[in-house]
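Dock chain E against the given chain R, drawing on the hints supplied.
Here is how the chains run, residue by residue.
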Amino acid sequence: MSRPRTTAIHRYRLATFAVAIGLMLAPWIATLFGVGASSVENRAPSPFPELSAGALGTPSTFGAITEYVEDRTPLRREAAEALGEFAIATGWSMNPGVFFGPDDHLILAEDFELSCDADAPLDELTDALRTWDRAAAESGREWLLLVAPDKGAVLTSLLDGRAARAAECGDRHRATLRQHLAQSGGVLDLWGPLTDRPDADISASYYAHDSHWTFTTGSLVAEHLVDRFAPGVWTPHSVQPDDWQLVLLGDVAARVGVDRAVPVETLHAVRTGVTTTRTQEDVGGTRPVRSYRSVGSGSLVTGRTVVIHDSMMNFAEGQLAPFFAAIDFIHWDDLEAADAMDRIRHADRVVLEIVERSLYPALRDRLLVEPFVKDFEVALRAPSNP
Amino acid sequence: MVFSSAIFVTLFLPLTLIGYLGVDPKRRNTMLLVASLIFYYWGAGAHILVLFWVVGVTYVAGRSVRTRSSAGRWFVIAATIAPLIWFKYAAFAVEIATSPMRWLGVNGVALDERILPVGISFFTFQALSYVLDIERGDAEPLDGLRDYMLYIALFPQLIAGPIVRFAEIRSQLHERRVTAENLSAGAARFAWGLAKKVVIADSVAPIADVVFAGAGGASSLAVWIGVVAYTVQIYFDFSGYSDMAIGLGQMLGFEFPENFARPYAATSITDFWRRWHITLSSWFRDYVYIPLGGSRGGRRREYGNLGAVFVLTALWHGAAFTFLVWGAIHGIWLIVERVTGLRRRTGWQIPRRALTLVVVMVAWVFFRAADLSTAGAMVVTMFTFRSGDLDPTLIAALTPAGLAALAIGVASFSLPGSWVTGQRIAGRAGADDDRTERRRAMTQLATTSSTLGVSLIFIASNDLSPFLYFQF
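Just so you know, the sequences run in chain order R and E. For the first sequence, the positions run 2 to 387 when our numbering is used. For the second sequence, the positions run 3 to 474 when our numbering is used.
No wet-lab data here; the hints were simulated from the structure. Heads up, some of the hints might be wrong.
Claimed, not checked - Listed next, the stretches of chain R that the computed footprint assigns to chain E, with coverage defined by at least 3 CB atoms under 8 Å from CB atoms of chain E:
#1 13 to 25
#2 108 to 120
#3 161 to 168
Ideal Cβ placement from N, Cα and C applies to all residues, glycine included.
The shape of chain R in the complex, shown without the other chains (with noise of 0.2 Å):
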C-alpha cells in the first residue's frame, strides 16, 4: 500500500491534470474573452453537411463536420502564426515549401525543385517556337515568349547553405533551357538583365516575402518589352509611383503562416501627350480581360497586342500599357473564357509571358500538347484582320 502523499505534490498531480484539459480547452476557453475563430486562409470555411440516413452511414460526412468543426475553432491562425514567427526569426525553417534566403527573403521551394528536371522536352520546345516562329512570320504578326524568373533563380548568387544547395541543380538546367530557347527568334531572355546587376539591385528585384518581382523590376521588364517592339520608345521619366499602396499579402510569408500584409509603393507610366484609357470586359473568368487604348502625340508600339500571362504581369502592366497602341491582358486560367485564340487572331502582336517554375509543368500540361500547341499556331499563321 502506498504512503499518503504530501498535500504538495497532491498538489501538482491535478496541477498537472488542469493543465492538460485547460491547454486542450484553450480555443473554446479564448471565445469567453472574446476571441473568435481564425479566418480560413484562401477557402469559405466549410459548410456543415447535409445529414441523411445514407449520409450518416458514411465516414465522409463526419469528416465534414470536423473540418465543419476545426474551421470555426479559434486560435488557429495565432498558432500558425507564432509558429511561422519563431521559424522566421531563428531560421529554423519547418516548412519544406519555403527556404530562408538572404536579407529576409523567403524563397518557394518551387523555385529550385522544378527547375531541376533533367526530363523536360526541351527539344520539343525548341520544336514548338521554331513553329510558332515560322507561323507568325507568314502572317507578318510579332511573337514572343517571356519567361519570368523565379526569385530562386535570380537570388542564386546570394544564397548560400542549403538553399545553394538546392539552387544548384536548376541553376545547370536554366543553362541548358537558355540555349534551347536562344534558338528561337521569339524569345526574351531576361535572366541576364535581372542578374547582371550589384547584390543590392539583385536582392531588391523582388519582394522579400512574396514571390513576385517589385514594380520597379516590372518597369524593367516593360523596358525590355517595348525596347524588343519598338526601339526608342521607352521613357524611363514616364514611370511614376501612384498617389496609394498596395496592400501586398506576402505569399510565401502565407505559406509558413506568417501574415505580411506590407503596403508598397505601386508605379505607372504617364506619358506626356499620350493619353490611355483603361476598361475592362468580365468575360466569366477567373479575372475580367483588361485592355488599354493609347492615344496622342507620344510614340506608341502600334497596333494591337494581346498578352497572356501570370501574376508576375500584374506587376508590370501600369507602366507597360501606355506605350501600347492597343494592349489586352488575358491571364492563362481564362484562354477559353476569353476565347484567346480569337483575340491573337486579330492582333498583330502576342506576349507570352509564363513564370519559370510554371514553365516546366505548363509544357507538358499545357504548352506542348494539344489544344494549345496547334490552336496557337493556327491562329498566329491567321491574317491579320484588325
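Frame of chain R; chain E shown alone:
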C-alpha cells in the same frame, strides 16, 4: 478520429474526461462505452456494424465455451476473423489465385480493394484473446455485454493498440481507481506521446516521403537519409500513439501493457521482437507459436512454427507482397540467429546493435515502399555506394526542424538502457520517497505543459490551408 487531430484533442478528449470524472463511478463504464462508440462511429461510419458483429460472435462464444465442440471452436474463430479476411485479404487472395492466369495472358478475376474498417486487426485480435483466454481457463467470461463491448471498443486502444488481452484487463473493467497520481501521470504520458507523433514523427515524415516517392535523387546517401527518416518516423509515430493510449487509459484508471521498449537498441532480431510492438508479438507467441508446438518437436518444427508466425505477422500488417518480404526478412534472420546461436551471444554489443538496426532498416524499406521493385532498387542503391547530388526536393524536405527531429530520433536509439522516457515521465519507476515523488510531480507538470502546448500549436498550424499563393 485520430488522437493527433484538433477535434479529438480540443473537444472529444477534454469533454470525455470531464464527463467521466463527473459521473457516478457506477456509471462510468456506460459513459465510457458511449464515448468509445461515438469515437469509432465518427471515423468508421457504417463499419461499426463490423465491430458489433465481432463483439456479438465472441461474446456469445465466451458464454458457451464449456459446451462447445472442437468444430464449434473453429466456427467461432472463423466467424470472428471472417470480416478481417473479407475486408483485408480477399482482394489480395484473388490476386494471388489468379496470377497464373495473368502470366498466361488471360484476364483473371479481380476484386476491388475494400475500405478497411478502422482498427479491425486490433479489435479482432482482442476479441479472439477473449475467447481463447476463457477457453484456456485464464479468465472467466464477463456477465454483461456492456462491459465486454467496453473491453473491445475502449477508445484509447481501439484503433491502434496496444492489443490488450482479456486476462490482463478483466478485473479493471469492474474495479479501477481514478487517482490524482493516475490523472497526472496519464496526462504526462499522453502529452509525451502526442509530441512524439506531431513534433518528431510528422517533422521527419516529409523526408521519408520524398525518398520513397523516388524524388530524393539516385545516390546512396539520399536513400539512406530516407530510410533513416522512416526508421525514426515509424517508431515515433507508433510508439507515440501507444504512449497516448497508455496515458489515456491511465487517466481513466486502466493500466495497459507497454508496447515498446527501445526497440532500436536491440542486439538481435530476437531481441527486437521483445521490444517492438510487444503486445502483438506476445499475442502471436502465446496464441499461435506455442499452440503450434513452439520449440518443442525438433528444430525443423520450431523453424516451421517461426515461419508461420512471421507470415501471419506480415499479413497482419497488410495484404501485400512487400509486407510478406518484410516478414520474411525478420523470420529468416530470426531462424539464422537460432541456427548460429547468435541470439544467445553476449559481448560485442555495439556491432550487434548496429547489425540488427541495419537488418531492421532494410526490412523497413519493404514495409514502406509502394512495391517490390521500388524496394529492391532502393536496397541495391543503399549498398552500392552510388554518388550523386541530393535532389532539391530532398534538400527542401531537410528543413532545420526536420533535421533536428531526425537527430533527436537517431540520438534516442542510443540512449542508456534504463531510459525509457515515456515511462519515466509517467512515473512508473517506483521511487517512493516524498522528495523524489515531489520532483517527479513537478517534472510531470513542466513536461505536460510544454509538450502539450507545443504539440497543440503544431496541430493547429498543420490544419491551415497553405495554398494561398496559387490564387493570384
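Right, here's what the structure says about each hint:
1. 13 to 25: With 11 residues close enough to chain E, the hint holds.
2. 108 to 120: Three-residue rule met by the segment 108 to 120 of chain R, so holds; n is 5.
3. 161 to 168: holds (count 4)
The structure is consistent with each of the numbered hints, conforming to all of them.
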